[in-house]
Amino acid sequence: MFPEARDPMYGWIWRVIPGGIWVKLVTVLLLSSLAGVVLWYVVFPMLEPHVPLDQVTVGR
Amino acid sequence: MRALLRACGELSVTAGLVMLLFCAYLLWGTSSYTEWYQRILKRQLQETPKLAKLDIGDAVGLIRIPRFGRDYEYAILEGVGSEHLRRGPGHYPGTALPGKVGNFVLSGHRTTYAAPFNRIDELRRGDDIVIEAPEARYTYRVSGKQVVYPTDVDVVAPVPSHPGERPSQALITLTTCHPEYSARQRLVVFGVLSGKRERRTD
Numbered sequence: 001m002f003p004e005a006r007d008p009m010y011g012w013i014w015r016v017i018p019g020g021i022w023v024k025l026v027t028v029l030l031l032s033s034l035a036g037v038v039l040w041y042v043v044f045p046m047l048e049p050h051v052p053l054d055q056v057t058v059g060r
Numbered sequence: 061m062r063a064l065l066r067a068c069g070e071l072s073v074t075a076g077l078v079m080l081l082f083c084a085y086l087l088w089g090t091s092s093y094t095e096w097y098q099r100i101l102k103r104q105l106q107e108t109p110k111l112a113k114l115d116i117g118d119a120v121g122l123i124r125i126p127r128f129g130r131d132y133e134y135a136i137l138e139g140v141g142s143e144h145l146r147r148g149p150g151h152y153p154g155t156a157l158p159g160k161v162g163n164f165v166l167s168g169h170r171t172t173y174a175a176p177f178n179r180i181d182e183l184r185r186g187d188d189i190v191i192e193a194p195e196a197r198y199t200y201r202v203s204g205k206q207v208v209y210p211t212d213v214d215v216v217a218p219v220p221s222h223p224g225e226r227p228s229q230a231l232i233t234l235t236t237c238h239p240e241y242s243a244r245q246r247l248v249v250f251g252v253l254s255g256k257r258e259r260r261t262d
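Chains A and B supply the protein sequences, listed in that same order.
In terms of the numbering used here, the first sequence opens at residue 1 and continues consecutively.
In terms of the numbering used here, the second sequence opens at residue 61 and continues consecutively.
Check each hint, because a few of them may be wrong.
[Claimed, not checked] Chain B side only, calculated, beta carbon under 8 angstroms to chain A, not exhaustive: (1) Ala67; (2) Phe82; (3) Tyr132; (4) Glu133; (5) Arg170; (6) Val215.
These are computed hints drawn from the structure, not numbers from a lab.
All residues carry an ideal CB built from backbone N, CA and C; glycine is no exception.
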């Protein structure tokens with residue numbers, strides 16, 4: 001049930017997800033898209049103002 | 061030891077993927093906000109064309125640059141705070157209004173938020189910059205380009221590079237970041253008013 005040294009994260013997730021290979025695959029796909037959506041719509045917009053990538057004005 | 065390396069490896073791969081996604085967000089994800097807000101600003105220009113007083117955040121007019129194609133059109137808004145520049149090219153409050161004597165100064169993003177000023181480095185002397193203001197269409201002609209440091213505020217003076225001097229011409233100045241993807245310098249494009257066409261008021 002708990003992470004093992006042999007497969008710290010991804011292997012553990014794979015083992016913990018129930019079901020056969022197809023159910024596992026679909027679940028993994030859903031989980032990773034969920035992580036992507038949270039990053040894209042919540043985390044990145046909060047992070048973006050702190051990235052000095054595109055500063056366009058002049059001023060002191 | 062082995063386990064630690066494995067854990068490090070998995071974390072690094074994950075971090076790498078997240079960073080790649082973040083780059084994609086910066087380049088493309090930020091544009092969707094700009095596009096959404098541009099529609100609001102353009103609607104504002106159509107519905108209430110002539111405002112008695114221009115407040116921060118209000119639509120100023122449209123910018124068109126024929127060299128960048130027929131589809132190149134952005135709504136300009138008043139203000140150059142980061143929250144304004146996300147919505148489109150911003151007009152420096154306090155600098156001249158379109159067509160007026162003095163310096164009409166605009167800033168726009170180069171790589172993120174729909175990157176309105178991405179290609180202004182391609183502008184050449186003599187190119188047109190068209191500003192569609194509510195009362196008239198003003199055409200400026202590009203007169204020069206310069207790369208400056210962010211502290212060079214003189215480029216936005218009424219007479220660029222000559223702060224304190226009284227302006228006698230209607231000028232336009234565009235600023236964006238330089239080099240691309242950097243905050244180190246600013247690319248500045250200058251222009252001089254070359255034509256004006258009054259809008260029919262009916």
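Status of the hints after comparison with the structure:
1. With a cut of 8 angstroms, the hint placing B:Ala67 at the interface with chain A holds, because the nearest CB-to-CB distance is about 4 angstroms.
2. Hint on B:Phe82 holds. Least Cβ distance to chain A is approximately 6 angstroms, under the 8 angstroms limit.
3. Interface restraint check for B:Tyr132: the shortest CB-CB distance to chain A comes to about 18 angstroms, outside 8 angstroms, so the restraint is violated.
4. Restraint check, B:Glu133 versus chain A: the minimum CB separation of about 19 angstroms is more than 8 angstroms; hint violated.
5. Look at B:Arg170: its Cβ gets to within about 6 angstroms of chain A, closer than 8 angstroms, so that hint holds up.
6. Nearest Cβ of chain A to the Cβ of B:Val215: about 6 angstroms, under the 8 angstroms cut. The hint holds.
Of the numbered hints listed earlier, those contradicted by the structure are 3 and 4.
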